[in-house]
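For this one, chain U is given, so just place chain E on it according to the hints.
Residue numbers (the numbering used here), protein chains in the order written: chain U, 553 to 782; chain E, 553 to 782.
In case anyone wonders, no lab produced these hints; they're calculated from the structure.
Misleading hints may appear alongside valid ones.
It does not matter which identical chain is used: a pair holds within one copy or between any two.
Once the Cα atoms are required to be at most 20 Å apart in a straight line, the calculated SDA-like pairs of lysine to any residue come out as [said to hold, decoys possible]:
{"#": "1", "residue 1": "K694", "residue 2": "H735"}
{"#": "2", "residue 1": "K622", "residue 2": "R574"}
{"#": "3", "residue 1": "K688", "residue 2": "Q594"}
{"#": "4", "residue 1": "K706", "residue 2": "E751"}
{"#": "5", "residue 1": "K696", "residue 2": "D707"}
{"#": "6", "residue 1": "K688", "residue 2": "A703"}
{"#": "7", "residue 1": "K688", "residue 2": "G598"}
{"#": "8", "residue 1": "K622", "residue 2": "I610"}
{"#": "9", "residue 1": "K696", "residue 2": "Y737"}
{"#": "10", "residue 1": "K622", "residue 2": "D678"}
{"#": "11", "residue 1": "K579", "residue 2": "K622"}
{"#": "12", "residue 1": "K694", "residue 2": "D638"}
{"#": "13", "residue 1": "K720", "residue 2": "R750"}
{"#": "14", "residue 1": "K688", "residue 2": "W566"}
{"#": "15", "residue 1": "K622", "residue 2": "L590"}
{"#": "16", "residue 1": "K622", "residue 2": "S683"}
{"#": "17", "residue 1": "K715", "residue 2": "Q738"}
{"#": "18", "residue 1": "K696", "residue 2": "G712"}
{"#": "19", "residue 1": "K622", "residue 2": "N609"}
Remember, it's a predicted structure, so these values are computed and weren't measured experimentally.
The chain contents come next:
Number of protein chains: 2
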Amino acid sequence: MDGSPSSATHQSPWMPFESRRRARDEKREAVLRTAVQLFLEQGYHGTTLNDVAERLNITKPALYNYFRGKDEILYECWAIGAERVDDRIGEIAAAGGSGLTKLRKLIVSYAELMTMDYGKSLVRFDVRDLSEHNRKIVQASKRKIDRAFRAYIKDGIADGSIKPCDVKLSAFAIAGSLNWIGHWYQPGGALSGEAIAREFAVRLTEGIAARQSGNKAKKPPANVKRGGTR
Amino acid sequence: MDGSPSSATHQSPWMPFESRRRARDEKREAVLRTAVQLFLEQGYHGTTLNDVAERLNITKPALYNYFRGKDEILYECWAIGAERVDDRIGEIAAAGGSGLTKLRKLIVSYAELMTMDYGKSLVRFDVRDLSEHNRKIVQASKRKIDRAFRAYIKDGIADGSIKPCDVKLSAFAIAGSLNWIGHWYQPGGALSGEAIAREFAVRLTEGIAARQSGNKAKKPPANVKRGGTR
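In isolation and in its complexed conformation, chain U is listed as follows (with noise of 0.2 Å):
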């Protein structure tokens, strides 16, 4: 099924270059998935990489082939979550808007993430787990994502689309609910993670935005006073 022109061009035994590196790549990927979800069945340290050749149908030496080791596939997850959030945080910038609006497109995309394996583990590992090269690395990451949160709140409150108030409380407030559905959260519930994410993103800021704007990406509830007679 390769309709790449190189494999039609020659008949070599061996695999062309390209599909090589992309059947090379399958096959890491395969390991990543695999092992992600073990860790995430059987805790890190409960989890061998036995276990992960097992469910595969491989050896462990053919695991090195990919990996030099389990601390390198727990940050390879690592890895592909922060890259997600990282574009993600990249698009939400081009796009401009308020500061509430970046916001909550940050929360659907950082819930949405939660909701998937390899986000999963940016919560559910721990980061001393890691080498220090690569636990510097991804602690840079989680940084970067929170002063994301910061930032899109500090523009809301200086757009008025967010009400003054403890930024780095706000954030941690936010980002808290937001990790937690990394831990409970299953597939196939009463709730798809686009639907746990959209509405994350009314909920985790109606206590924050401010009047006029904090509605319009709600549902409108029908004639409820929000600013009025306590």
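Same frame as chain U, but now just chain E:
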């Protein structure tokens, strides 16, 4: 400095039973405190019983007078944290009040606990590191806390202090923000544990509080128009 009557009444070279028991309890408690500190600093898997013994200036065999192993220490840290929440749930039930009032009280208690070492252990370590027997006890206790959050939200919807909402999702959103405190809180920061707890009790219920009761527990922000024209 032992003022108990028993120590004054006889001059035996052996400590009287009560004092001995108390000394033993204090030593056991010191082991626990030191162990949980080390688990939090270095991770559970990054901490050996030798590390704990060394910091206490005792031998590893001496540790076994108090605990049979590392996972028993972990379980005990957990049990202390869980017991405090449990006591608090009992007190809240006894005091009564609206669902929102009970929910805020539980948030305050749980948030404060998350700023303490025993509380942090409730969320920072992996239940899978416990023996099956202890794991079941811990999981039952976590379910009990979750049920209390949901019950208070349901009560609040029934008595009108909380707006109709998805009870499970609201409980998870609140619990997530609170559990996250156990990850980011460092003593000696800008806000005390108590201040964070009070702040979170308002902040995490702002979105779901019904309007007439929503502001009562909140310190009135001087002349800030909540509805207005930002």
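Here is what the structure says about each hint:
1. K694 - H735: Classified as both; 17 Å inside a copy, 13 Å across copies.
2. K622 - R574: Result: close neither inside a copy nor across copies, 23 Å intra and 45 Å inter.
3. K688 - Q594: between (25 Å within a copy, 15 Å between copies)
4. K706 - E751: between (22 Å within a copy, 19 Å between copies)
5. K696 - D707: Close inside one copy (16 Å), not across copies (40 Å); limit 20 Å.
6. K688 - A703: neither (22 Å within a copy, 42 Å between copies)
7. K688 - G598: between (24 Å within a copy, 17 Å between copies)
8. K622 - I610: within (16 Å within a copy, 34 Å between copies)
9. K696 - Y737: This pair counts as between: shortest inter-copy Cα distance 18 Å, intra-copy 24 Å.
10. K622 - D678: Answer is both; intra-copy 13 Å and inter-copy 18 Å each pass.
11. K579 - K622: within (16 Å within a copy, 38 Å between copies)
12. K694 - D638: Answer is within; shortest intra-copy Cα gap is 10 Å, inter-copy 33 Å.
13. K720 - R750: Close across copies (16 Å), not inside one copy (23 Å); limit 20 Å.
14. K688 - W566: neither (40 Å within a copy, 54 Å between copies)
15. K622 - L590: within (12 Å within a copy, 24 Å between copies)
16. K622 - S683: This pair counts as within: shortest intra-copy Cα distance 11 Å, inter-copy 24 Å.
17. K715 - Q738: Neither: 34 Å inside a chain and 26 Å across chains, both beyond 20 Å.
18. K696 - G712: neither (24 Å within a copy, 41 Å between copies)
19. K622 - N609: within (17 Å within a copy, 34 Å between copies)
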